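Numbered per the numbering used here, the sequence shown spans residues 717 to 873.
Warning: the hint list may mix true and false statements.
To be verified - Taking lysine-lysine and the DSSO-like style, the derived pairs with C-alpha atoms no more than 27 Å apart in a straight line are:
hint, residue 1, residue 2
1, Lys-827, Lys-781
2, Lys-764, Lys-827
3, Lys-824, Lys-781
4, Lys-764, Lys-781
Said to hold, decoys possible - Label-pair restraints from in silico Cβ distances:
hint, residue 1, residue 2, range
5, Lys-824, Arg-755, 33 to 39 Å
6, Leu-722, Glu-838, 22 to 28 Å
7, Thr-777, Lys-827, 18 to 24 Å
8, Leu-733, Glu-785, 18 to 24 Å
9, Ile-741, Pro-793, 18 to 24 Å
Source of the hints: derived by calculation from the structure; they are not laboratory data.
Predicted, not measured: the structure shown is a model, and the values here were computed from it.
All residues carry an ideal CB built from backbone N, CA and C; glycine is no exception.
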Amino acid sequence: MTGNRLAELFNRADTVLIPVMNSVIDLNALDAFIIEIRRLMKMGRREKRIGLIANRARTNTTAYKRIREIAESNDIPLVATLRDTQCYPLAMEAGMSVWDHQKSPSAKDRKQIRSLLDWIHEAVPKSGKRAAPEPEENRSGEESQWSGERLPPFAMG
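Make the full structure from the sequences, and use the hints.
Printed below as a string of structure tokens:
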């Protein structure tokens, strides 16, 4: 996405998440997209939170290392690394999310998603919008405020 539509959406956003996969095509597109985002940030009147999400990531690949390098060199946090797993399609086939899917590998996926949700939740109060309440079972100050097995309320429909 480029041009006027990107500028319109970018100007309305408080937080921008950039998904990227371990592929040459995505890496080339990411470089160009970051240049465009930097241009829009110079023209903007308020700060934005920008973050990268590595999708279907295999952390032992050269492409993943390149994603990390791009993030670091552009001072953009790599907010989440979502592994390449069958948990997502299996959960979808069952009409569920990985939050609902109780097979043991999905615990790893829930942990990865939690890091993303925690990062997003940090921005909610700053945006001037009402922050979603923390789930009752997580008000004890645990490591992640979304360590429960259900999806946080602000992420629902």
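Mind checking the alpha carbons of Lys-764 and Lys-781 for me, to see if they're no more than 27 Å apart? With a Cα-Cα distance of about 25 Å, the restraint between Lys-764 and Lys-781 holds, given a limit of 27 Å.
Pro-793 and Ile-741 - C-beta distance against the hinted 18 to 24 Å: With Cβ atoms ~23 Å apart, the hint holds.
Distance restraint hint 22 to 28 Å, applied to the beta-carbon atoms of Leu-722 and Glu-838: 24 Å, holds
Using the beta carbons of Lys-824 and Arg-755, state whether their distance is inside 33 to 39 Å or not. For Lys-824 and Arg-755 the Cβ distance comes to about 37 Å; the hint holds.
Determine whether the Cβ-Cβ distance between Leu-733 and Glu-785 falls within the hinted range of 18 to 24 Å. 19 Å, holds
Does the structure keep Lys-764 and Lys-827 at a Cα separation of 27 Å or less? 25 Å, holds
Lys-824 paired with Lys-781 [C-alpha distance capped at 27 Å]: Since the Cα atoms of Lys-824 and Lys-781 sit roughly 21 Å apart, the hinted pair holds (cutoff 27 Å).
CA of Lys-827 to CA of Lys-781, is that 27 Å or under? 21 Å, holds
Please check whether Thr-777 and Lys-827 have a Cβ separation lying inside 18 to 24 Å. At roughly 21 Å between Cβ atoms, Lys-827 and Thr-777 fall inside 18 to 24 Å, so the hint holds.
The structure fails none of the hints (numbered hints given earlier).
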